[in-house]
Every structure is written in C-alpha cells, then in structure tokens.
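Colleague: Chains A and B, in that order, give the protein sequences.
Residue numbering for the first sequence follows the numbering used here, beginning at 1 and increasing consecutively.
Residue numbering for the second sequence follows the numbering used here, beginning at 1001 and increasing consecutively.
Misleading hints may appear alongside valid ones.
Incomplete in silico selection of chain B near chain A, CB under 7 Å [to be verified]:
1. Val1067
2. Leu1106
3. Val1113
Hints were generated in silico from the structure; no laboratory data involved.
Heads up, the beta-carbon is just placed ideally off N, CA and C, and yes, glycines get one too.
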Amino acid sequence: MQQPRIVEVRQGILKKNDQLARELRQRFAEAGLHVVNLVSSPGAGKTTLLEKTLAHLAPDHRLAALVGDLATDRDAQRLAQAGVPVRQITTGTVCHLDAEMVGAALAGWDLAALDVLFLENVGNLVCPASYDLGENLRVVVLSVTEGEDKPLKYPTIFNGADVAVISKIDLAGAVGFDRSQALHNLQEVRPGLEVLELSARTGEGMEAWLERLVPAGRVRRRA
Amino acid sequence: MHELSIAMSLVEAACEKAAEMEDVRVEALHVRLGALSGVVREALEFSFDLVAEGTAIAGARLAIEEVPVTVFCPSCGEERRLASIQHFRCPVCDTLTPEVVGGRELELKALEVTETCSSLAS
C-alpha cells in the first residue's frame, strides 16, 4: 500500500467568481460607473427602497438596475416604472447572484453611459455574502419588522457590508423595534459600520441615503 | 443553501488540479473554511458527496479545517482570536476590533493523492 502524498493547491474555491468579479470591477472603474449591491432577507423592502431611489435620482443621473429573484420578473416590472433600464436575473433554484450572472445580464449595455448601477440581490441573508459581484458598495437592508437581533443571527453578511440601512422606520413603534439595541448589535458584528435609518414610504431619512449614493458634485449630471 | 454551488466549484477546482497531475487518484481534499466564509460545514460535506459522484475525484474524502476569526486589536497591538463572530471585540481588553486578519478563508489548500498503476509502471 503506497503512501498518499500531499500536493499543495492553495486556491480560493470561488476563484472563478472572484476573478470574474475583479474583471467586472475593472470594467466598472473604466466606465466611471458606481455599482451598489443591495442584500437583505426577503421582504426587508429592497425593491420599494430601490423604486423610490430610482424615482428620486433618475431626473439627474443615468441609472440602471439588475434584479435577482428565483422566479418572476415582477420586481423588474416595478422598477422599470422609473423609466430606467432594468433587467431581471431569474436564478431558478440558485439563492444568490454571482459575478457570471451579472456579467451576462450586462450584455449590450453601454456602461460608460451610466452613472449608477444597482444590483438587487436575491432576498437571502446567507448566500450572497460569499459572492463578490464587483460592486463598489455593499448595502445590507434590515427592516424594523425583522427585529433588532438580525445582525447577531447573520453576522457574516453584516460584517461584509459597507453600509447598513434600517428600513421601514415608520413602523418602528408599531412593532416595538428596539433601536438602540439594533444599533448596538450592528456595531458588535461590524465595528464602525455606517448605518442609515429611513422609510422609503414616508421619505424620512431618504435624503441622507441618496447623498450617500451620489454625493453632490461627484456624479456627472445629464447634459 | 449555497453549499451546493460551493461544492460544485470545489469539485471542479479539484478535478482540474488532478487532471494536471495525470495518473493520480485523489484520496482527499484539504479545505480551509473560515468562520466568516458564510459556508456551513455540514451542508458542504453533504453537498460534496453528491457532487463528486461520477467525477474524476469520486470517493475522495473531504478534510475540512475550520479557521476561527482572527482580528487585530488596536489597543493591545496584537492579533487576537475572536470568541464569537457575534462580537467583534478583543477577548483580552474588550475593545471593538473591526480589522479582520483571518477567518474569511474558503480555500482548497491541498490534494492528497496516490499514484495509480500506470504511473508506477512507467
């Protein structure tokens, strides 16, 4: 019986995705395109937030969105009402977007003619954490109706985010949302995490969010 | 559950490596799995056997090394191992520790192989 030998590999298991994400990031940078990846659990309000965001920014900025869902193009239809290019990525049974899906969905779009691209990930607080999409900003949305302990239950995705948005704050009183505990928990799993609190429905807090996405003067205005 | 996708990427990577070596049988895959990788060990193990079946590495073992989260504590000036990924605080001085040094690994570290008959004969 011969002895097995160990052959070093030292390769990221998601090497292909990481490589594709790097290429996308390079393309985005060359096109001067700012890319925002929105992640959350199902029902946290990503689509409503994005609807309002597109409606606010569309008059002065060139926007586009890719929307991931297991099935249906309902979200894409909702978002397209803002009059910006929207494509649905239907993932079938796959619970996250990956760089290859994003790259394929961009086919034919002139990225240099866009200012901001939104990637609405599949509603899921686990799987999207592992997949780099080449984005500049990863935003995790947490609605007050989900409870203040969500960050402790899903620390990985919160730890990997650049910004946390607490959504539906107009409902905070009705559901007994413990705001200070939520803020504390967010800092426990990602010290220094930037947090924005808003209600897409009432508009409260939207200004700071929009400013965070497209700081005044930094993004080209439409001629 | 994205471990099925992860397992497919893992098996693909291992098969590619094995093909480069020629005339080896892959006995085991050594994988490093960080506590912040977002991957559940048991789900990966379950998915791996399903995915590996019928491939060049069918029957290989999956040897997983779990990597805890290591952070840099700015107060101590030292790397520390987190007690829990729910609390990014130095286990010694309780300072918040945003800087992650290790624990995101999702890596095929090595293959354990034996030579097959044709390579021994040559």
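Colleague: The structure should be examined with respect to each hint, and the outcome stated for every one.
Modeller: Structure-based check of all given hints:
{"no.": "1", "hint": "Val1067", "verdict": "violated (13 Å)"}
{"no.": "2", "hint": "Leu1106", "verdict": "holds (5 Å)"}
{"no.": "3", "hint": "Val1113", "verdict": "holds (6 Å)"}
Violated hint: 1 only; the structure is consistent with all others.
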